[in-house]
Amino acid sequence: MLLEVKGLKVVLGSSEVLKDASFELRDGEVVGLLGPNGSGKSTLLRTIFGALKPLKGVVYLDGKKLEELERKEIAKLLGYLPQESSETGLKVKEVVMLGRTPYIHGISFKEEDLNAVKKALKLVGLSGFEERRFSELSGGEKQKVLLARVFAQHTDVLLLDEPTAHLDISSQLEIMGLVRKKVREGCSALIAIHDINLASAYCDRLLLIKKGEIFTAGRPEEVITKENIREVYGADVDVRRIGGNVLVIPSKRREPEKGKWIHVICGGGSGSDIMRGLWLHGYRISAGVLNALDSDWFTASELGEVVDEKPFSEIGVEAYERNLEFIEGSDAVVLSNLIVGRGNLKNLEAALHAAKLGKLFVIERDEFERRNFAGSEALEIYGKMKSILPKSRILKDERELPKIFEELTPS
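In the numbering used here, the protein residues as written are 1 to 411.
By construction, these hints were calculated from the structure, which means they are not laboratory data.
We put the beta carbon where it would ideally sit given N, CA and C, even for glycine.
Among the hints, erroneous ones may be present.
Stated by the list, open to error - Just the calculated beta-carbon pair ranges, DEER-fashion: (1) T88 <-> S127: 14 to 22 Å; (2) K310 <-> S170: 31 to 39 Å; (3) S127 <-> G218: 33 to 41 Å; (4) V317 <-> K356: 37 to 45 Å; (5) G13 <-> T88: 25 to 33 Å; (6) R370 <-> G28: 50 to 58 Å; (7) R230 <-> K122: 43 to 51 Å; (8) T88 <-> D273: 49 to 57 Å; (9) P36 <-> E314: 35 to 43 Å.
Please model the entire structure based on the sequences and the hints provided.
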């Protein structure tokens, strides 16, 4: 199945909501529609489905014009999940059975319809919910029932309008995972979605829409850039590439006041208070190497710059070398009271490098032997590092750091 959209123009009232929208959706592909509220994402989906008539342009399904197909035929090809769904007193199985409407003649169901409903509920993990009332379900369960209704329709293309809206993060991930699973079984999906990071993680391509026009399109790493987000959303963000995914985080709001750059080697929450304290005193902050989603990683991402590595991975050569670049560019380096294991041993090596440069300050609230899970190699590195440092650079309390750094001369 190939969905092809050519030159769609839609006018609602006196407003031109879509302007010359053109793109393709290929077999086995998940394409995300990104854009601010009111940019035209929902209008585009409704127009493709046939609920809105374009002033200009054509939608093709396998080379056939949508406008030339019967409604029932379209419903066998396109499954549409609107953004808002009404409450109903129907049972779960009855809601899902609505997806079989294009195949039902009269008022009787066939065995294949019942099997389709059963299979769809199993796919979304709701086997046994058939007799439950839709109105009694949680928000995430309701959304899964509505997805099951679309899945039961057995269409080649899924048109999903904000399927994760109003859901908690666990339900969002579950819903997007279900969509990907369904696509793997043999269909395609076009999804309007407001969460840029979720779209990056689950979509093969993205269409970024601005005021009814497709501003840019391509793979997530091509579309999600600081410049594009600023142009379309009017927001300043930082964009990071981690483990093959693109992650958007808020840009730090305040420029450093003191012109001094402090780099923090930390992890597991050991550096958050250090970074916040220094940031509040006006210093430029960076940290690394930190695994993405580590608690210190979130703090560093919020307050400054971070050298990151994939979650749950050992520090690689590229991240280690970048960490050394940060150390060499900074005015001072702080080694937190972190726990050391095989995965972050290279951070200890980086700290030794900082000590040799005369930049290192060490927070040692607990003896290193109690925090060392990397064996004799880590002990040797830590011993060399301490032998280089004057005792005044080994501190029990990180609250001493801002005052000490007042005396530093910026590089």
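Consistency of the hints with the structure:
no.	hint	verdict
1	T88 <-> S127: 14 to 22 Å	21 Å, holds
2	K310 <-> S170: 31 to 39 Å	21 Å, violated
3	S127 <-> G218: 33 to 41 Å	39 Å, holds
4	V317 <-> K356: 37 to 45 Å	20 Å, violated
5	G13 <-> T88: 25 to 33 Å	30 Å, holds
6	R370 <-> G28: 50 to 58 Å	52 Å, holds
7	R230 <-> K122: 43 to 51 Å	44 Å, holds
8	T88 <-> D273: 49 to 57 Å	51 Å, holds
9	P36 <-> E314: 35 to 43 Å	40 Å, holds
Hints 2, 4 from the earlier list are contradicted by this structure; the remaining hints agree with it.
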